[in-house]
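Novice: Each chain, written out:
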Amino acid sequence: MANADCIVIQGSNMAECHPVGYQWVTEAKARGAKVIHVDPRFTRTSAVADRHVPIRAGSDIVLLGALINHVLSNELWFKEYVVAYTNAATIVNEDFRDTEDLDGLFSGYDPETGEYDLESWAYSRREHDASGTEAGSGTTDPDDHEHREDDAHADDYEHGADTSERAAGHQYGSGGPPIEHPEFESDPTLQHPRTVFQILKRHYSRYTPEMVRDACGISVEDFDYLARTITENSGRERTTCFAYAVGWTQHTTGAQFIRAASILQLLLGNMGRPGGGIMALRGHASIQGSTDIPTLFNLLPGYLPMPRVGMDSLEDYLDSVSSRTQKGYWAHADAYTISLLKAWWGDAAQADNDWAYSYLPRLNGAHGTYQTVMSMLDDEVDGYFVFGQNPAVGSAHGRMQRLGMAHLKWLVVRDFSLIETATWWKDGPEIASGELRTEDIETEVFFMPAATHVEKAGTFTQTQRLLQWRHQATTPPGDCQSELHFFYELGRRIRSRLAESTDERDRPLLDLMWDYPTDEHGDPDPEAVLAEINGTHLTGPQAGRPLSSYTEMKPDGSTAGGCWIYSGVYADGINHAANRRPGHEQGPNAPEWGWAWPSNRRILYNRASADPEGRPWSERKKFVWWDEEKQQWTGQDVPDFPVDRAPGSPSDPRAGGAAGLAGDDPFIMQADGKGWLFAPKGMVDGPLPTHYEAQESPVDNPLYTQQQSPARITFPRTDNLSAPSANAAGVGVYPCIFTTYRLTEHHTAGGMSRWLPYLSELQPEMFCEVSPELAAERGLEPYGWATIISPRAAIEAKVLVTERMRTLTVGGRPVHQVGLPYHWGVGGEAFVTGDAANDLLGITLDPNVQIQESKVGSCDIRPGRRPHGAELLALIADYQTRAGLTPETSNERVTDPGTSGAVGGPAAPGTANAAGIPGTPAAPDTPGTETEREG
Amino acid sequence: MARFSFLEWPVIRQLRSSDSLGRGEAVTSQRTREIAPRTATADRVVQSVCPYCAVGCGQRVFVKDGKVVQIEGDPDSPISRGRLCPKGAASEQLVNAPGRQTRLLYRAPRATEWQHLDLDTAIDMIADRFIAARRRGWQDTDEHGRRLRRTMGIAALGGATLDNEENYLIKKLFTAAGAVQIENQARI
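So the protein sequences, as listed, match chains A and B. Each residue of the first sequence is one higher than the one before, counting from 856 in the working numbering. Each residue of the second sequence is one higher than the one before, counting from 113 in the working numbering.
FYI, nobody ran anything at the bench for these hints, they're computed from the structure. Worth double-checking, as some hints may not be accurate.
Claimed, not checked - Partner residues are not named here, just some residues of chain B that face chain A (Cβ under 7 Å, in silico):
1. A138
2. S141
3. V167
4. K199
5. G265
Ideal Cβ placement from N, Cα and C applies to all residues, glycine included.
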């Protein structure tokens, strides 16, 4: 970021939430870079930015779409970059229909399931023997026997699987689903009406500065400033960087917010270049690591997907991950998977048993944390482990979280202090309200004290993929243990109890590689675990040597490795995560401090920092380039490209994997080597980001009849009611928008801050931020109390009246926003307690990643403290009754045009879906996911 | 304390010494001169990383007699260049906080209070419960007879504040046990 000429921070309050990282924004600004903060609130980030652009929470795609439209309409896109490095020229299937054609829906939507069939979004295939411009439509040329043989399996799978399964995002790793053939129709002039470029132009044509004014509450002048600043600071000589955090992810369209920024950055040529890109500012010390090596239901290490039901053989599984004929490094998923199976099951994993693939459990739907809580309420879950997390305060819909835990047989909480997740059975809000009685709660609770970060050694992966080793300073006191120690010991005891078992289901546990060297306390050596993650040569002349890179992994059982993308962190038996050459002794990339995956590379896709001929785009933005003399890529970073693949090399359509990449295919993890302006696969809610209103929004979608994302995952239940939307009756009962956030002095749900005297003193109590206009309208007194009521809960908070919160004019009406930090919880143990903002939230999820919409919801606010006991429940129920809430409220999948006042797209009523399909209530367990960015 | 001397008046000290602006030694008291920072008296300094957000600031952990006495920013870190935010700067209290629990606690069904339990016993109890819950929630196949080989009786949440090595062992153990409902903050 320090190299950027313009930094747009949107969906993040970086100066307060990542204060030390913000020094690099300050450095950039000191060198003349422009910094723009787009956020509903004026924060300390806004205070040090060149300009703050206030935005209505949840309307980001209108703004980003308008910027895309601005860039396209005014010919401001980086032509050489876009034509060579993106899929702009690729021609899309003739069956594809845009939201402009179907008034808010893409082709392939099934209103019964709420899911898309992605078939019509596919690239148009080039007919092999044809001249190259003739349109194909996703079919295989029957005369091309060789090709058919190559792809037989992928095609069978593609056409054999049922469409509802195919649409579920949680089934894919980060590579998305396979694209089995690298040759597609294209038109480098970008004129063909079905090129991605032309589709993009049409899709965003109504995203105008005036639409931004009406939908986001952003003035035309602010829009012009933003558009001018980013385009003036992009191109050969200059780069613009975007930074986001959970202000983008925690929406029903969160993944599409990020996609919209990716499209803009690709059009401006800002990807893979110094000072460019999109910075995901992650919120926890190793949240990146816990996605890479996932404690997530849908992934195996290294973004390999968990197998799904019906994938009976390893081959079925691998075909779902990638096609061996596709371009790029995902084509070698067989080597990564078999190395993982060897790391876990050792000699029990052999060629003749499919490398123990059958030991892996299978998914048949989404088993995310919110689905699990609902399973708890149904008494389907007996035991729950919670480590370093406080869902009673930190997860959406705190009441449902706590009531779910009250249905468990046993709960293990591992933390430093008695967090609310450990004590809800004695002092939680439901005890106070009388909904639960301690003496009736059957749940056994084990509180296990945990070791702190200085009492154990190991690696965190920070927000830029950098692994840093922590050395152990002291031993844990009393009963405190690291998770490494506890889970190793738990596994050891489980295995010993089952040692005599002949039950086939116990084989994976008994055959598991579970021997680690331990110290005198029985604590396993974390470096031995890191070495296993890195991987080892098992046979051949190098047997026993650590792998130096994932490119050494083999699909023949001769290598083992627990997480392919981390391979190299322990190359030559050296713990590179512990590399600590001081920063001042190194250049700006500091390659000898820690180790970044993959291959200690600091900027991904950095081949794009050079032009198609391999020359830097400019001297000023020089980073990685082709060295003609040495015939290899070189530069200031580890090149993210086959090091000897010359710039002009053609693509070999018969070769898959890295060998299939042409010299100008910089996006080496994409199946076609290009940056995707249009996502033919991988996103389950649309190939192009489209503005939908939030699950709860008092604003009518100004662009389409379709109010909310038709593919969002809803849970229509009486304990998860939503406020009415737009023009529906009762919308005025919850007229304000609330958004949640964190403060510098606290950490998420408070487990690591509300028990610390210093931090508790700095931010002692829960408050809400309101604008002077709202305060005047409702009679809210500064520093007095307010009660905030949503369809799920009512909480109280001290009132902070401030111009930092803006009342915006949206669609000609004033829209009030209420800001709520979410660090406090109700309990008896912390230094500071208070009502939890997350209790107000409902559960509606983004279908790509299963992340809840917690950055925007509907509420009412009134002066005074909230009532207690039965009166509190009566207050919530009174609001629900007045608004006429039912489980169906705001949960229609397809908006009934009768209830929408939208101007609508150019589609005539009656064409295709939009007008014809009645609203259908969603099923409670709609599947969906991938994985991505949190908080 | 030394005998009073006019020469020890701060303003005289200021004029006598090289600290003519009165910002350093000229205005320090005897008591200040006699104390040493905890960072100077520590036996050992260990390099670590801040456990809060994902910037990954370098920390220096100062240890004396086996106890953490101070945590400071690590100036060697090219990421943070020695700086810490209020949370990172308070992380010594994370280790030594008065509210930190170091004993294992157990709450029996319907009990109104915690009781102490021996760590070893607790792990045994959890291992027994893990096996029973795994068995009770076991699913060999789905309704179409397709293989599932999993249990829905056990769930987990956490990991974003844990080490990679810890998450690796957790995912490995749970997957081998067939427990698929494992989630972390990255979803939230």
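Novice: Run the structure past the numbered hints and jot down the numbers of the failing ones, going up.
Specialist: Checked against the structure, the hints that fail are numbers 1, 2, while the rest are satisfied.
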